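Anchor point for the sequence shown: position 22 equals 22 in my numbering, and the numbering is continuous, going up by one each time.
Rather than coming from a laboratory, the hints here were simulated on the basis of the structure. Each hint should be verified, as a subset may be incorrect.
To be verified - Dumping the calculated DMTMM-like pairs for lysine to aspartate or glutamate here, alpha-carbon to alpha-carbon at most 25 Å:
id, residue 1, residue 2
1, LYS181, GLU307
2, LYS239, GLU223
3, LYS78, GLU329
4, LYS78, GLU307
5, LYS68, ASP110
6, LYS130, ASP160
7, LYS181, ASP43
8, LYS204, ASP110
9, LYS239, ASP328
10, LYS78, GLU212
11, LYS181, GLU218
12, LYS181, GLU90
13, LYS68, GLU90
14, LYS204, ASP336
15, LYS78, ASP313
16, LYS68, ASP256
17, LYS78, GLU16
18, LYS123, GLU212
19, LYS204, ASP9
20, LYS181, ASP75
21, LYS204, ASP43
22, LYS239, GLU90
23, LYS68, GLU49
Claimed, not checked - Per label pair, the in silico range of CB-to-CB distance:
id, residue 1, residue 2, range
24, PHE6, VAL263, 20 to 30 Å
25, LEU8, LYS204, 48 to 58 Å
26, LYS123, ASN282, 26 to 36 Å
27, GLU232, GLY159, 53 to 63 Å
28, TRP48, GLY182, 43 to 53 Å
29, THR299, ASP43, 19 to 29 Å
30, PHE6, GLU302, 12 to 22 Å
31, GLU297, GLN58, 51 to 61 Å
Since this is a predicted model, take the numbers as computed values, not measurements. By construction, the Cβ of each residue, glycine as well, lies at the ideal position given by its N, Cα and C atoms.
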Amino acid sequence: TPPPTFGLDVAQPVLEAQVAPQQRTAVRYHLWPPRRGNFAFGDLYLRWESPAGLLRRQARFAAAGPVKVYPNLVDVRKYDLLLRRNRLWELGLRATRQLGAGNEFERLRDYTPDDEYRRINWKATARRGKPISVEYETERSQNIYALLDVGRMMRSPVGDVAKMDYAINAVLLLSYVAVQKGDRVGLLTFADTVLHTVAPRSGKAQFHRLLEQLYAVEGQRVEPHYGVAFGEFAARQHKRGLVLVFTDLTGSISTDALVAQMVRLRRQHLPLLVTVADPAINRLANQPIADSTSLYERTVAERVLAERRATLDRLRRQGVHTLDAPADELSVAVIDRYLAMKERMLI
(Lines of atoms letter the chains of each structure in order from A; the text may use other names.)
(Lines give C-alpha, C1' and ligand atoms only; values in the text may rest on other atoms or scores of the structure.)
Protein backbone atom coordinates (compact mmCIF):
# COMPACT_ATOMS: atom_id res chain seq x y z
CA THR A 1 0.00 0.00 0.00
CA PRO A 2 1.31 3.47 -0.81
CA PRO A 3 2.02 6.13 1.84
CA PRO A 4 -1.27 7.77 2.89
CA THR A 5 -0.09 11.26 1.91
CA PHE A 6 0.64 10.29 -1.69
CA GLY A 7 -1.79 11.33 -4.39
CA LEU A 8 -3.35 8.53 -6.45
CA ASP A 9 -4.90 8.40 -9.89
CA VAL A 10 -7.68 6.16 -8.53
CA ALA A 11 -10.20 6.75 -5.77
CA GLN A 12 -9.06 3.66 -3.83
CA PRO A 13 -5.71 1.85 -4.12
CA VAL A 14 -7.48 -1.35 -5.20
CA LEU A 15 -6.51 -2.95 -8.50
CA GLU A 16 -8.31 -5.77 -10.28
CA ALA A 17 -6.92 -8.25 -12.78
CA GLN A 18 -7.57 -11.71 -14.18
CA VAL A 19 -4.73 -14.21 -14.04
CA ALA A 20 -4.86 -17.45 -15.99
CA PRO A 21 -3.38 -20.61 -14.44
CA GLN A 22 0.42 -20.75 -14.54
CA GLN A 23 0.54 -17.22 -15.93
CA ARG A 24 1.64 -13.82 -14.70
CA THR A 25 0.12 -10.40 -15.12
CA ALA A 26 1.17 -6.88 -14.17
CA VAL A 27 -1.07 -4.14 -12.82
CA ARG A 28 0.01 -0.54 -12.53
CA TYR A 29 -1.13 2.62 -10.86
CA HIS A 30 0.28 6.12 -10.76
CA LEU A 31 0.91 8.22 -7.70
CA TRP A 32 2.72 11.40 -6.81
CA PRO A 33 4.38 12.40 -3.56
CA PRO A 34 3.41 15.63 -1.79
CA ARG A 35 7.01 16.61 -1.06
CA ARG A 36 10.58 15.33 -0.98
CA GLY A 37 11.85 13.17 1.88
CA ASN A 38 11.69 9.63 3.23
CA PHE A 39 8.48 7.63 2.97
CA ALA A 40 7.47 3.99 3.35
CA PHE A 41 5.20 1.66 1.41
CA GLY A 42 3.17 -0.88 3.36
CA ASP A 43 2.44 -4.55 2.83
CA LEU A 44 0.50 -5.96 -0.10
CA TYR A 45 -3.00 -7.33 0.46
CA LEU A 46 -4.26 -9.84 -2.08
CA ARG A 47 -7.82 -11.16 -2.45
CA TRP A 48 -8.78 -13.79 -5.00
CA GLU A 49 -11.85 -15.82 -5.92
CA SER A 50 -12.42 -19.28 -7.29
CA PRO A 51 -13.48 -19.55 -10.95
CA ALA A 52 -17.11 -20.05 -9.95
CA GLY A 53 -17.01 -17.21 -7.47
CA LEU A 54 -18.00 -19.50 -4.61
CA LEU A 55 -14.75 -19.18 -2.68
CA ARG A 56 -12.89 -16.04 -1.70
CA ARG A 57 -9.57 -15.88 0.10
CA GLN A 58 -7.43 -13.01 1.32
CA ALA A 59 -3.77 -12.90 2.33
CA ARG A 60 -1.18 -10.36 3.36
CA PHE A 61 2.26 -10.40 1.77
CA ALA A 62 5.27 -8.65 3.28
CA ALA A 63 6.15 -5.88 0.84
CA ALA A 64 6.86 -2.94 3.12
CA GLY A 65 9.88 -0.86 2.24
CA PRO A 66 11.31 2.65 2.25
CA VAL A 67 11.26 5.00 -0.71
CA LYS A 68 13.22 8.18 -1.27
CA VAL A 69 11.55 11.17 -2.88
CA TYR A 70 14.13 13.53 -4.36
CA PRO A 71 13.74 17.25 -5.06
CA ASN A 72 12.45 18.37 -8.43
CA LEU A 73 15.46 18.27 -10.75
CA VAL A 74 13.74 19.80 -13.77
CA ASP A 75 16.11 22.80 -13.71
CA VAL A 76 19.14 20.49 -13.77
CA ARG A 77 17.74 18.45 -16.67
CA LYS A 78 16.80 21.60 -18.56
CA TYR A 79 20.26 23.11 -18.04
CA ASP A 80 21.94 19.92 -19.25
CA LEU A 81 19.74 19.74 -22.34
CA LEU A 82 20.24 23.39 -23.30
CA LEU A 83 23.98 23.15 -22.63
CA ARG A 84 24.26 20.27 -25.09
CA ARG A 85 22.39 22.32 -27.67
CA ASN A 86 24.39 25.49 -26.93
CA ARG A 87 21.16 27.32 -26.10
CA LEU A 88 21.62 28.32 -22.46
CA TRP A 89 20.22 31.75 -23.28
CA GLU A 90 16.78 30.09 -23.27
CA LEU A 91 17.24 29.51 -19.54
CA GLY A 92 17.83 33.22 -19.02
CA LEU A 93 21.60 32.98 -18.54
CA ARG A 94 23.81 35.69 -19.93
CA ALA A 95 26.76 34.67 -22.08
CA THR A 96 30.04 34.72 -20.15
CA ARG A 97 33.67 34.45 -21.12
CA GLN A 98 36.14 32.48 -19.07
CA LEU A 99 39.09 34.74 -19.81
CA GLY A 100 40.59 37.23 -17.47
CA ALA A 101 43.43 37.63 -15.01
CA GLY A 102 44.11 34.04 -14.02
CA ASN A 103 47.51 32.38 -14.19
CA GLU A 104 47.34 30.06 -17.21
CA PHE A 105 48.42 31.57 -20.53
CA GLU A 106 45.61 31.92 -23.06
CA ARG A 107 46.61 34.32 -25.88
CA LEU A 108 48.14 37.65 -26.90
CA ARG A 109 45.94 40.58 -27.90
CA ASP A 110 46.08 44.33 -28.40
CA TYR A 111 46.46 46.41 -25.26
CA THR A 112 43.38 48.29 -24.02
CA PRO A 113 43.32 51.21 -21.54
CA ASP A 114 41.68 48.99 -18.91
CA ASP A 115 44.57 46.50 -18.86
CA GLU A 116 47.05 46.43 -16.00
CA TYR A 117 50.60 47.37 -16.99
CA ARG A 118 51.91 44.08 -15.61
CA ARG A 119 49.91 42.30 -18.32
CA ILE A 120 51.90 43.95 -21.11
CA ASN A 121 54.16 41.55 -22.99
CA TRP A 122 57.15 43.74 -23.78
CA LYS A 123 58.79 41.32 -26.21
CA ALA A 124 55.61 41.06 -28.28
CA THR A 125 55.17 44.84 -28.01
CA ALA A 126 58.66 45.44 -29.43
CA ARG A 127 58.14 42.85 -32.14
CA ARG A 128 54.79 44.23 -33.32
CA GLY A 129 55.48 47.89 -32.75
CA LYS A 130 52.39 48.45 -30.57
CA PRO A 131 51.35 47.56 -26.99
CA ILE A 132 50.40 43.91 -26.62
CA SER A 133 48.76 42.36 -23.55
CA VAL A 134 48.78 38.79 -22.32
CA GLU A 135 45.39 37.26 -21.58
CA TYR A 136 45.13 34.43 -19.12
CA GLU A 137 42.60 31.69 -18.56
CA THR A 138 40.51 31.64 -15.43
CA GLU A 139 41.85 29.46 -12.65
CA ARG A 140 39.60 26.45 -13.01
CA SER A 141 39.31 24.82 -9.62
CA GLN A 142 37.77 27.08 -6.98
CA ASN A 143 35.84 26.45 -3.80
CA ILE A 144 32.10 27.10 -3.73
CA TYR A 145 30.30 26.79 -0.41
CA ALA A 146 26.54 26.77 0.18
CA LEU A 147 25.30 27.61 3.69
CA LEU A 148 21.61 26.75 3.84
CA ASP A 149 19.35 28.08 6.59
CA VAL A 150 16.53 25.62 7.33
CA GLY A 151 15.10 27.58 10.26
CA ARG A 152 11.65 28.93 10.96
CA MET A 153 11.31 31.59 8.27
CA MET A 154 12.64 29.35 5.51
CA ARG A 155 9.63 27.09 6.16
CA SER A 156 7.26 29.86 5.07
CA PRO A 157 5.69 29.22 1.67
CA VAL A 158 5.77 31.20 -1.54
CA GLY A 159 2.64 29.93 -3.22
CA ASP A 160 2.54 26.21 -2.42
CA VAL A 161 6.30 25.69 -2.02
CA ALA A 162 8.46 26.54 0.99
CA LYS A 163 11.30 29.02 0.54
CA MET A 164 13.66 26.30 1.75
CA ASP A 165 12.67 24.08 -1.18
CA TYR A 166 13.36 26.84 -3.68
CA ALA A 167 16.76 27.30 -2.04
CA ILE A 168 17.47 23.56 -2.17
CA ASN A 169 16.70 23.48 -5.90
CA ALA A 170 19.05 26.44 -6.40
CA VAL A 171 21.84 24.73 -4.43
CA LEU A 172 21.48 21.56 -6.49
CA LEU A 173 21.58 23.40 -9.80
CA LEU A 174 24.56 25.44 -8.58
CA SER A 175 26.44 22.29 -7.59
CA TYR A 176 25.66 20.66 -10.94
CA VAL A 177 26.96 23.64 -12.90
CA ALA A 178 29.96 24.26 -10.62
CA VAL A 179 31.34 20.72 -10.83
CA GLN A 180 31.04 20.93 -14.62
CA LYS A 181 33.18 24.07 -14.41
CA GLY A 182 35.78 22.14 -12.42
CA ASP A 183 35.00 23.80 -9.08
CA ARG A 184 34.73 22.13 -5.69
CA VAL A 185 31.35 22.44 -3.96
CA GLY A 186 30.62 22.08 -0.24
CA LEU A 187 27.50 22.32 1.91
CA LEU A 188 26.48 23.26 5.44
CA THR A 189 22.87 23.22 6.64
CA PHE A 190 21.87 24.87 9.89
CA ALA A 191 19.11 26.21 12.09
CA ASP A 192 19.91 26.85 15.76
CA THR A 193 22.67 24.23 15.37
CA VAL A 194 24.66 22.86 12.46
CA LEU A 195 22.73 19.92 11.00
CA HIS A 196 24.79 18.59 8.10
CA THR A 197 28.12 19.29 6.43
CA VAL A 198 29.60 18.06 3.16
CA ALA A 199 33.27 18.81 2.53
CA PRO A 200 33.98 20.57 -0.79
CA ARG A 201 34.93 18.22 -3.60
CA SER A 202 34.93 18.27 -7.37
CA GLY A 203 33.53 15.75 -9.81
CA LYS A 204 30.07 14.56 -10.75
CA ALA A 205 29.83 12.31 -7.71
CA GLN A 206 29.73 15.40 -5.51
CA PHE A 207 26.40 16.43 -7.00
CA HIS A 208 24.93 13.09 -5.94
CA ARG A 209 26.42 13.45 -2.45
CA LEU A 210 24.68 16.78 -2.05
CA LEU A 211 21.45 15.36 -3.46
CA GLU A 212 21.54 12.54 -0.90
CA GLN A 213 22.12 15.07 1.87
CA LEU A 214 19.41 17.51 0.81
CA TYR A 215 16.50 15.32 -0.26
CA ALA A 216 15.41 14.62 3.33
CA VAL A 217 16.32 17.92 5.02
CA GLU A 218 13.47 19.05 7.28
CA GLY A 219 12.70 22.65 8.18
CA GLN A 220 13.10 23.49 11.87
CA ARG A 221 10.69 25.57 13.96
CA VAL A 222 13.49 27.66 15.47
CA GLU A 223 15.37 30.86 14.69
CA PRO A 224 18.71 30.36 12.93
CA HIS A 225 21.83 30.83 15.03
CA TYR A 226 24.22 32.49 12.59
CA GLY A 227 27.06 32.62 15.10
CA VAL A 228 27.07 28.84 15.53
CA ALA A 229 26.79 28.15 11.80
CA PHE A 230 29.44 30.63 10.68
CA GLY A 231 31.75 29.59 13.52
CA GLU A 232 31.56 25.95 12.47
CA PHE A 233 32.14 26.92 8.85
CA ALA A 234 35.19 29.04 9.73
CA ALA A 235 36.67 26.20 11.76
CA ARG A 236 36.30 23.75 8.86
CA GLN A 237 37.02 25.81 5.74
CA HIS A 238 40.15 27.93 5.51
CA LYS A 239 40.69 28.10 1.76
CA ARG A 240 39.14 31.17 0.14
CA GLY A 241 36.00 30.60 -1.87
CA LEU A 242 32.60 31.90 -2.85
CA VAL A 243 30.20 31.43 0.08
CA LEU A 244 26.50 31.59 -0.76
CA VAL A 245 24.32 32.00 2.33
CA PHE A 246 20.68 31.09 1.66
CA THR A 247 18.44 32.61 4.32
CA ASP A 248 15.43 34.85 4.84
CA LEU A 249 15.17 38.38 6.20
CA THR A 250 11.41 38.68 6.58
CA GLY A 251 10.41 38.66 10.23
CA SER A 252 13.87 37.60 11.38
CA ILE A 253 15.00 38.70 14.82
CA SER A 254 18.62 37.86 13.99
CA THR A 255 19.30 40.44 11.27
CA ASP A 256 22.08 42.22 13.17
CA ALA A 257 23.79 38.90 13.87
CA LEU A 258 23.56 37.97 10.18
CA VAL A 259 25.08 41.27 9.06
CA ALA A 260 27.94 40.93 11.56
CA GLN A 261 28.73 37.38 10.45
CA MET A 262 28.58 38.21 6.73
CA VAL A 263 30.96 41.13 7.19
CA ARG A 264 33.34 38.96 9.24
CA LEU A 265 33.17 36.27 6.56
CA ARG A 266 34.44 38.80 4.02
CA ARG A 267 37.90 38.78 5.61
CA GLN A 268 38.59 35.27 4.32
CA HIS A 269 35.99 34.56 1.65
CA LEU A 270 33.75 36.15 -0.96
CA PRO A 271 30.28 36.22 0.66
CA LEU A 272 27.03 36.30 -1.29
CA LEU A 273 23.75 36.58 0.61
CA VAL A 274 20.88 34.91 -1.28
CA THR A 275 17.31 35.69 -0.24
CA VAL A 276 13.97 34.59 -1.68
CA ALA A 277 11.62 37.44 -2.56
CA ASP A 278 7.90 36.83 -2.08
CA PRO A 279 5.81 38.38 -4.90
CA ALA A 280 2.76 38.36 -2.61
CA ILE A 281 4.37 40.95 -0.33
CA ASN A 282 5.14 43.16 -3.32
CA ARG A 283 1.52 42.89 -4.44
CA LEU A 284 0.25 43.87 -1.00
CA ALA A 285 2.62 46.84 -0.89
CA ASN A 286 1.24 48.11 -4.20
CA GLN A 287 -2.43 47.26 -3.80
CA PRO A 288 -4.99 50.10 -3.89
CA ILE A 289 -6.44 51.15 -0.55
CA ALA A 290 -10.14 50.29 -0.48
CA ASP A 291 -10.81 49.85 3.23
CA SER A 292 -9.10 49.61 6.61
CA THR A 293 -8.01 46.02 5.96
CA SER A 294 -6.24 46.85 2.70
CA LEU A 295 -4.66 49.90 4.36
CA TYR A 296 -3.29 47.75 7.17
CA GLU A 297 -2.00 45.08 4.76
CA ARG A 298 -0.31 47.65 2.56
CA THR A 299 1.30 49.44 5.52
CA VAL A 300 2.72 46.21 6.94
CA ALA A 301 3.98 45.05 3.53
CA GLU A 302 5.66 48.40 2.85
CA ARG A 303 7.39 48.24 6.22
CA VAL A 304 8.60 44.68 5.60
CA LEU A 305 10.03 45.65 2.20
CA ALA A 306 11.65 48.79 3.60
CA GLU A 307 13.38 46.82 6.36
CA ARG A 308 14.51 44.24 3.81
CA ARG A 309 15.97 46.89 1.49
CA ALA A 310 17.70 48.59 4.43
CA THR A 311 19.41 45.35 5.46
CA LEU A 312 20.53 44.56 1.92
CA ASP A 313 21.84 48.11 1.43
CA ARG A 314 23.68 47.88 4.74
CA LEU A 315 25.40 44.69 3.62
CA ARG A 316 26.34 46.07 0.21
CA ARG A 317 27.88 49.17 1.78
CA GLN A 318 30.14 46.88 3.79
CA GLY A 319 31.30 44.94 0.76
CA VAL A 320 28.96 41.95 0.93
CA HIS A 321 27.36 40.82 -2.32
CA THR A 322 23.60 40.26 -2.24
CA LEU A 323 21.03 38.57 -4.44
CA ASP A 324 17.32 38.99 -3.79
CA ALA A 325 15.35 37.09 -6.43
CA PRO A 326 11.74 35.95 -6.87
CA ALA A 327 11.24 32.34 -5.85
CA ASP A 328 10.50 31.06 -9.36
CA GLU A 329 13.62 32.78 -10.73
CA LEU A 330 15.99 31.93 -7.89
CA SER A 331 17.89 29.01 -9.44
CA VAL A 332 18.69 30.82 -12.68
CA ALA A 333 19.58 34.02 -10.81
CA VAL A 334 22.05 32.12 -8.60
CA ILE A 335 23.74 30.48 -11.59
CA ASP A 336 23.89 33.77 -13.45
CA ARG A 337 25.58 35.49 -10.50
CA TYR A 338 28.00 32.59 -9.94
CA LEU A 339 29.11 32.64 -13.57
CA ALA A 340 29.45 36.43 -13.55
CA MET A 341 31.61 36.34 -10.42
CA LYS A 342 33.73 33.58 -11.89
CA GLU A 343 34.19 35.52 -15.12
CA ARG A 344 35.16 38.71 -13.26
CA MET A 345 37.74 36.78 -11.21
CA LEU A 346 36.14 37.79 -7.92
CA ILE A 347 36.41 34.31 -6.41
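Enumerate the violated hints, using their earlier numbering and listing them in ascending order. 1, 2, 4, 5, 6, 7, 8, 9, 11, 13, 15, 16, 17, 18, 19, 21, 22, 23, 24, 25, 26, 27, 28, 29 and 30
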